[in-house]
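Please build the complete structure, drawing on both the sequences and the hints.
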Amino acid sequence: MSEPQTEPPKRSTLMPSAGAPVGDRLLHGASLFAVMLVLLVLVAIVGLVLSEGVPVLSVEFLTEAPTSDLLGGGIFPAIYGTVLLTLLMTVCGVPVGIATGVYLAEYAPKRSRIAGLVRAAVQNLAGVPSIVFGLFGLGFFVMMVGRGMDAALYPGETSPVWGQPAVLWSALTLAILTLPVVIVTTEEALRQVPDELRLAALGLGATRFQTTMKVALPNATPGILTGVILAISRGAGEVAPIIFTGAANFLPYLPTDARDMFMHLGYHVFALSTQSPNVDQARPFLFATVTVLLLLTFGLNLAAIVLRNRARARSGA
Amino acid sequence: MGEASEVVERISGRASTPARTPLGQGFRTPRSHLVAENAIRVVAFAAILAIVLIFAIIAREALPLFFDAEAQEELGGLDALLFARAWPGYPEARHIWQPVGDVPKFDVVPLLAGTVKVTLLAMLIATPVAFLSAIYVSQYAGKRVRELLKPAIELLASVPSVVLGFFSLVVLASAVQALFGTTYRLNAFVAAIGLSLAIVPLVFTIAEDALRSVPRELVNGALALGARKHQVILRVVLPAAMPGLAAATVLGLGRALGETMIVLMASGNAAVVELFDPTSSARTITATLASELGEVSPGDAHWRVLFLLGTVLFLFTFVLNRAGAVIIERLGKRLRAEAT
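Chains as they are written, first to last, in the numbering used here: chain D, 1 to 317; chain P, 1 to 340.
Since the hints were made in silico from the structure, they are not lab data.
Do not rely on the hints blindly, as some may be mistaken.
Said to hold, decoys possible - Once the Cα atoms are required to be at most 25 Å apart in a straight line, the calculated SDA-like pairs of lysine to any residue come out as: (1) D:110 / P:337; (2) P:150 / D:36; (3) D:110 / P:34; (4) D:110 / P:329; (5) D:214 / P:41; (6) P:150 / D:309; (7) P:143 / D:29; (8) P:143 / D:33; (9) P:150 / P:325; (10) P:333 / D:108; (11) P:150 / D:29; (12) P:150 / D:41; (13) P:143 / D:30; (14) P:150 / D:33; (15) D:214 / P:35; (16) P:150 / P:124; (17) P:150 / D:299; (18) P:333 / D:120; (19) P:143 / D:302; (20) P:333 / P:215; (21) D:214 / P:33; (22) D:214 / P:37; (23) D:214 / P:29; (24) D:110 / D:217; (25) D:110 / P:334; (26) P:143 / D:188; (27) D:214 / P:28; (28) P:150 / D:30; (29) P:150 / D:26; (30) D:110 / P:35; (31) D:110 / P:33; (32) P:333 / D:117; (33) P:143 / D:23; (34) D:110 / D:200; (35) P:150 / P:232.
Predicted model only: the values in this text are computed from it and were never measured.
Structure, rendered in structure tokens:
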């Protein structure tokens, strides 16, 4: 394009040539060192966890329930609880996130103050500390909504039915926590759909709604899916918001009702590493649990990255 | 492209002056479509509703501390929150957080001190590493190396904080103790290192974006004038991207303040007023909330003080995030203006 070819002649990109002044080598070396440090830490975390965790993994570990002191057995209830939680969270949160993204990208006027306000709210929501979501979930869903439902539906009952920590309340809390991820990626994905496609649809007589549903959204699907996967990965790993809203240290049964409490991989890691009566005996289980959690989130994130790259390649072509 | 988007704006009625085409006059959009569209508009307010509701709910639980005489009495007077007292059994006035006991002591100063100490330490470790990494990836790395490095560092961001907490607790704490011979295995320094692992990817991503958005013309101009690469980076690229780096710092600070699981698991959690010794234990606001809220009964003084701490945390992070977002927005506008 208009950019003149003024790039300096390509030397080795790894290190500047030996004749370079001290300043050049210093900055280059220091910045390279920083990157290496970050990579090293990443490799160290993954390596140490996997090297101690993978040997403990077995079919029994993944499919059996733990013993009540958490020092034996497997982690199936925690896997089950995590999946149930993220599933509920996705069902509750993703439609709202996508609708908001659609509004911002397709319906909001260009310099709309309302849209600006929504965007600001989304940014701020993304920055709310996860423990504050825990306070909110407890104060709002458990205490207010749950107790309110109890008062309305079961006036005679003395023990709470809805007004106690439950998987539903945790899922709703996490749905709000992950809302920004879905909204931002949906809006971005829709903005990458070329306007010519919308024009063509409108020109053929489609209504605005049809254009959005049948042209814009399908073309943005890979991008939106990326956001959903990222939200699931985030939701699966968060512990602070579920401590008070539904997670259980140990449950003798699998949750089958929205009002049940649940076991959770992340919470299991927290409980095992801080509250275990016998640290040495718990160590292999702990590493194996972390391995499962790490593989789960990395798997989801890698899927998201691959999907995003594909979506970009497609929209760029 | 620009024209096309304008036409879409007009046809679809988004522009302020809708197109007066015959099409638009003779055709009536089915009612179901209008209903669905309006539903989308309503749902879009969910984010605003959520942020308002979060603040309202947690502040509501804390407010009686200020207006309700009974709640204040339970607390031992409002000033018990911030001012040192000669508690029974102690010879002199001290700041003590000891919410459970015969004489509950709700002095939050130790928690504030712990939060400040761990957060600042983490920032001191994280920002240089993140900025230098961003410089390398945006200025030195070739395209292919960059496309490998960026996702790798972002992968670190996807590690759940409970895993980082576990790593700090089990691996880092032992390593730090072996290296520095610290008295307490779990301390502010260990928590700060663990915390920096969570902040580096965030600060890196924003800083790298800012550094790369510096117009190529500025860099090429400086190079053409004979500046060395490091001179260009330090005197042209960094100053131009400075607001972005500031935003990265501010947003990183917000994240560090609010991070819970890492500090809960690695900081030792002793509520002491000690700002300058990194090897002493520290109890942060977030860790206090996570470990104590489960054991208090709703409505008593302890419960309300915890929600007050939550409200303060919310407000601090809210301001930091807003500031970061505004800085980034302005930088984007300025760079776009400069580039054209």
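Now for the hints, and whether the structure bears them out:
For the proposed pair residue 110 (chain D) and residue 337 (chain P), the alpha carbon gap of about 19 Å is at most 25 Å, so the pair holds. With a C-alpha separation of about 12 Å, the suggested pairing of residue 150 (chain P) with residue 36 (chain D) holds against the 25 Å cut-off. Using a Cα cut-off of 25 Å, the hinted pair residue 110 (chain D) and residue 34 (chain P) holds, with the two alpha carbons roughly 20 Å apart. In summary, the hint linking residue 110 (chain D) to residue 329 (chain P) is supported, as the alpha carbons are separated by about 16 Å, within the 25 Å threshold.
Of the pairs offered as hints, the one joining residue 214 (chain D) and residue 41 (chain P) holds, with about 18 Å between alpha carbons and a cut-off of 25 Å not exceeded. Taking the CA atoms of residue 150 (chain P) and residue 309 (chain D), the gap is near 13 Å; set against the 25 Å cutoff, the hint holds. A distance of roughly 19 Å separates the Cα atoms of residue 143 (chain P) and residue 29 (chain D); the hinted pair therefore holds under the 25 Å criterion. At most 25 Å may separate the alpha-carbon atoms for a hinted pair to count; residue 143 (chain P) and residue 33 (chain D) meet this at roughly 19 Å.
Restraint check: the Cα-Cα separation between residue 150 (chain P) and residue 325 (chain P) comes to about 22 Å, which is no more than 25 Å; the hinted pair holds. Proposed proximity of residue 333 (chain P) and residue 108 (chain D) is supported: the alpha carbons are some 21 Å apart, at most 25 Å. Note on residue 150 (chain P) and residue 29 (chain D): the hinted pairing holds, with a Cα-Cα distance of about 19 Å set against a maximum of 25 Å. The suggested pairing of residue 150 (chain P) with residue 41 (chain D) holds, with an alpha-carbon distance near 15 Å, which does not exceed 25 Å.
Our distance criterion of 25 Å between C-alpha atoms is met by residue 143 (chain P) and residue 30 (chain D), whose separation comes to about 20 Å. Distance hint between residue 150 (chain P) and residue 33 (chain D) is fulfilled; the C-alpha atoms sit about 16 Å from each other, no more than 25 Å. Pair hint residue 214 (chain D) plus residue 35 (chain P) holds up; C-alpha atoms about 17 Å apart against a cutoff of 25 Å. Proposed proximity of residue 150 (chain P) and residue 124 (chain P) is supported: the alpha carbons are some 22 Å apart, at most 25 Å.
Restraint check for residue 150 (chain P) and residue 299 (chain D): satisfied, since their Cα atoms lie roughly 17 Å apart, inside the 25 Å limit. With a CA separation close to 17 Å, the supplied pair residue 333 (chain P) and residue 120 (chain D) stays within the 25 Å bound. Among the hinted pairs, residue 143 (chain P) with residue 302 (chain D) is consistent with the structure: their alpha-carbon atoms are about 20 Å apart, no more than 25 Å. Between residue 333 (chain P) and residue 215 (chain P) the CA atoms are separated by roughly 13 Å; this keeps the pair inside 25 Å, and the hint holds.
A C-alpha spacing of about 13 Å is found between residue 214 (chain D) and residue 33 (chain P), which places the hinted pair at or below 25 Å, so the restraint holds. Using a Cα cut-off of 25 Å, the hinted pair residue 214 (chain D) and residue 37 (chain P) holds, with the two alpha carbons roughly 14 Å apart. The suggested pairing of residue 214 (chain D) with residue 29 (chain P) holds, with an alpha-carbon distance near 16 Å, which does not exceed 25 Å. A threshold of 25 Å between alpha carbons decides the hint, and for residue 110 (chain D) with residue 217 (chain D) the separation of about 19 Å falls inside it, so the pair holds.
Only pairs whose Cα atoms come within 25 Å are accepted, and residue 110 (chain D) paired with residue 334 (chain P) is accepted, the gap being roughly 19 Å. Between residue 143 (chain P) and residue 188 (chain D) the alpha-carbon distance is near 23 Å, which keeps this suggested pair within the 25 Å criterion. A C-alpha spacing of about 19 Å is found between residue 214 (chain D) and residue 28 (chain P), which places the hinted pair at or below 25 Å, so the restraint holds. For the hint linking residue 150 (chain P) to residue 30 (chain D), the alpha-carbon distance of about 18 Å falls within 25 Å, and the restraint holds.
Restraint check: the Cα-Cα separation between residue 150 (chain P) and residue 26 (chain D) comes to about 22 Å, which is no more than 25 Å; the hinted pair holds. A C-alpha spacing of about 22 Å is found between residue 110 (chain D) and residue 35 (chain P), which places the hinted pair at or below 25 Å, so the restraint holds. Taken as a hint, the residue 110 (chain D) and residue 33 (chain P) pair is honoured in the structure, with Cα atoms around 22 Å apart against an allowance of 25 Å. Distance restraint check for residue 333 (chain P) and residue 117 (chain D): the Cα-Cα separation of roughly 18 Å lies within the 25 Å cut-off, and the hinted pair is therefore satisfied.
Restraint check: the Cα-Cα separation between residue 143 (chain P) and residue 23 (chain D) comes to about 23 Å, which is no more than 25 Å; the hinted pair holds. Taken as a hint, the residue 110 (chain D) and residue 200 (chain D) pair is honoured in the structure, with Cα atoms around 21 Å apart against an allowance of 25 Å. The straight-line distance between the Cα atoms of residue 150 (chain P) and residue 232 (chain P) is roughly 23 Å, inside the 25 Å bound, and the hint therefore holds.
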